[in-house]
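*Asks:* Next come the chains, spelled out residue by residue.
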Amino acid sequence: MHISDGILSTPVIAGGWVVAAGLTAACLRKVQLEEIPKISVLTAVFFVADLVHVPAGPTSVHLILNGLMGVILGIRAFPAVLLGVTLQTILLGHGGVTVIGENAVNLGGGALVAFGVWQLRHLTRFKKREVVFGALAGACGVFASGMLMATALLLTGREFLVQAKLVVAAHAVIMVLEAIVAGTCAGFLAKVKPEALAGHRTPKRAAAAVGPAIVAVIIGTGLLAPHPALAHKLLVDYTAVKEGLLVEAFFPDGTPARNTTMRLMTPDGKVLRQGMTNDHGGFLFPVAERADYVADADAQMGHYAKVAIPASALADVTLSDTTTADAAEIERTVSKVKAEAFPIRRVAIGFGVLALLGGAGLVASRRKRHTHSDLDPHTH
Amino acid sequence: MPLDIDRYAHLDSAIQRWDPRVKIVSMGLFVFGVATLKSLPVALAALVAGIGFVRITGIPVAFIWGALRWVLLFLIPFFGIMPFTYPGPPVFDVLGLGFSMEGLRLGLLIMVKAVAIVLTAYAIFGSARFDVSMIALQRLKVPSIIVQMLLFTYRYIFVLIEEMRRMSTAMRVRGFVMGTNLYTLKVVGNFVGSLLVRSFERTDRVHKAMLSKGYDGTFHTLVRFRAKDTDFAKAALVVGTVATLLAVDLVGFFQTAVAGWY
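Going down the list, the protein sequences come from chains A and B.
As numbered in numbering that gives the first Met the number 0, residues 0 to 379 make up the first sequence, in order.
As numbered in numbering that gives the first Met the number 0, residues 0 to 261 make up the second sequence, in order.
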């Protein structure tokens, strides 16, 4: 899944390049000459995966295999993905030249998450752990890519909410396919050529520490970093409902701006009505006549936003000249509209739970180290 | 798909004779310039320029079409989705989805630009032997790891495709049919696995052979580049073209497909 040119905002594109360059440099540290052919084979596999279509009901999808890259290459997967994306863009027209950085961050970030998940296998010792963790890594790699892509879209603007949701939904479907392919492939390699898998020779303790650390760091930076950035922009939107004009103030991640002063004005700045937003960040203005209005919200500390409301948008509103609408009515109307917001918080919580599980596993494995011998029954 | 992009490098034309270093830099600027265009008429002009580049190199249309088929295959679904998902005033409804003209224009723009860029890329890398292009990149101070990865990857793409073809023939002979089921996916997983094992082993042999011949991560070559005045004149022409396109685009003479996005 690639983003094309001309969709993301300039700061997001620039950020993509910076992060991609930084991660490439970091992931290529101390690279050995003999590693390069292996990295290149996987880059070629990643490139060719774009051309291999797997039937999925009436249509067909192509595999991404970024999770598998993480499973085999470890952190070297990132530069491989970057190069693969570059070739796909230039030779296949897939994606866009200006967004190579961002696409590499999305897909390569997914590969790194997959590697983190894959390393968690060292914490367990059951027979088919390569299959199970390979599948988990494949799924997490694709899912993380979807989330990163959705984050990039949402950082560009709230108008991409629909696309962001579609992206996550599409990735959720591919996730299942990728999980099965990556799991089978990892199981196959574990049997046939275990030394080809990433982290095969890593000492257990180091692997156990690195895996969860990578997962936590990437998920933390990927999902928490945009949060304060997003929270700095206040947005105002309006919906004409039967009871009046519902104006909402919120931050781009969907958090409502509570206790924010909201005003309804005429286009020339005369304040008609004023009020404080409720817990849902909304305020319901009764409308006395169908005219052009301007609504603004001031959440203090420089957070200010306004929106123009044309008279044509008020066609369905029942006119009334009461000064304030009933509080219960506001609650009801606002929560009805709010129900459609993107569940980024729930998803973030889900990732948090995963990271916590990883951490708990790490603690458990540290304890195990003291009781078990150095012999790992699953590696020779 | 013709992935052996340098099949027609032996032809003789102004682009084939161009110093690869100067060519890569100036045409690279062209590609980046085209990628940032925002209005459809200017993008169409860039497409014409891209077609012009390919015509000059003399690469047969059938060869280019083989590549473009894939590009269009990727872009058409996108082009169909964009009008329905782009937030813009809907012109009419299809099954409850608003068809937005803005989205259609954006879809067209993305498609035209992508085709122009792929054509230019074929003019860049189709007009010199791939190893010569890589040496040019090395002379341009691209990190040697990246150059080596590019070269190996390029090589392995053919190896992989060849290997995949052989393996899938073998699978079909044994009666395998792809379907939407768990079994197919497992087979694909094992397929990728054995593809990797075969490739790793081959890679190992090749790499050892290279090491025994003294490979140390740099490419030693007898190819010498000498940029002449005509090379820089061609570069000025290409860079001037893209600068003009960008200027026309920025002046706002044409309606941009992405009003208010930047």
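Calculated from the structure, these hints are not laboratory results.
A couple of the hints might just be wrong.
Stated by the list, open to error - Partial list, computed: chain A residues near chain B (C-beta under 7 Å):
1) 35
2) 36
3) 91
4) 96
5) 235
6) 237
7) 293
Glycine is no exception: its CB is placed at the ideal position from the N, C-alpha and C atoms.
*Asks:* For every hint, state whether the structure bears it out.
*Replies:* How the hints compare with the structure:
Because the smallest distance between the Cβ of residue 35 of chain A and any Cβ of chain B comes to about 5 Å, under 7 Å, the interface hint for this residue holds. Because the closest C-beta pair between residue 36 of chain A and chain B is about 4 Å apart, less than 7 Å, the hint holds. The criterion of a C-beta within 7 Å of any C-beta in chain B is met by residue 91 of chain A, whose closest approach is roughly 6 Å, and the hint holds. The interface hint given for residue 96 of chain A is met, as the beta carbon of that residue sits about 4 Å from the closest beta carbon of chain B, less than 7 Å.
Of the supplied interface hints, the one on residue 235 of chain A is violated, with its beta-carbon coming no nearer than about 16 Å to a beta-carbon of chain B, more than 7 Å. With its C-beta approaching chain B no nearer than about 15 Å, residue 237 of chain A sits outside the 7 Å limit, and its interface hint is violated. At about 18 Å, the closest approach between the beta carbon of residue 293 of chain A and any beta carbon in chain B exceeds 7 Å, and the interface hint on this residue is violated.
When held up to the earlier numbered hints, the structure conflicts with 5, 6, 7 and fits the remainder.
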